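Peer 1: Sequence:
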Amino acid sequence: KKLRGKVEGQNVLEIGCGRGVGTEIILKYFGASCVHAFDLDAQMIDLAHSRLAQFSNERVKLWVGDATKIEAVDHTYDAVFDFGIIHHIPNWRHAIVEIARVLKPGGLFFFEEVTKQALSRWFYRTFLEHPTEDRFSGDEFITELEQLSLTVSNNFVYRFFGDFVIGVARKSYV
Numbered sequence: 818k819k820l821r822g823k824v825e826g827q828n829v830l831e832i833g834c835g836r837g838v839g840t841e842i843i844l845k846y847f848g849a850s851c852v853h854a855f856d857l858d859a860q861m862i863d864l865a866h867s868r869l870a871q872f873s874n875e876r877v878k879l880w881v882g883d884a885t886k887i888e889a890v891d892h893t894y895d896a897v898f899d900f901g902i903i904h905h906i907p908n909w910r911h912a913i914v915e916i917a918r919v920l921k922p923g924g925l926f927f928f929e930e931v932t933k934q935a936l937s938r939w940f941y942r943t944f945l946e947h948p949t950e951d952r953f954s955g956d957e958f959i960t961e962l963e964q965l966s967l968t969v970s971n972n973f974v975y976r977f978f979g980d981f982v983i984g985v986a987r988k989s990y991v
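Per this note's numbering, the sequence shown starts with residue 818, numbered consecutively.
Check before you lean on any hint, since a few could be wrong.
Claimed, not checked - Okay, derived cross-link-like pairs now, DSS-like style, lysine-lysine, Cα gap no bigger than 27 Å in a straight line: (1) K823 <-> K921; (2) K845 <-> K823; (3) K823 <-> K878; (4) K845 <-> K921; (5) K921 <-> K878.
Treat the hints as calculated values from the structure; they're not laboratory data. A quick note: this is a predicted structure, and the numbers were derived from the prediction, not measured.
Required output: the full structure, derived from the provided sequences and hints.
Peer 2: Structure, rendered in structure tokens:
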């Protein structure tokens, strides 16, 4: 939020919503008027429906979906949020292509990602499941965004010695 502010009154997408925590944050703290969100796991969508029952159907739409095949027409969303999902996707580059496709020109991509540095640590390897091939550093992730006209510039930070990269990209008007 400090990196780019709110998305008040905007139509927003969250990829990999899990049980709906991020969706709730987007609605309450970022001020989105409507959040569409999906997850690969139908059980997570059920949990998200329960968690987000306080919000009307006009404000929240949930479905089972895949970040490499986002069910939306081009230029649908004012903003897309990624709360640590892309590093779980084996074909993560295609997920970024899809995010760029569904973002409106001038739209914002909020990302919080785990880097290959973190994923190579003993704890991550031992206790958590993640794809093991084609992982990215923070710089590699930002380079991929920039190649898709998702401009980050200096609008990002590293946390925990480079284990996490957090930032906001803006889609070019071109």
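Peer 1: Can you list which hints this structure breaks, lowest number first?
Peer 2: none
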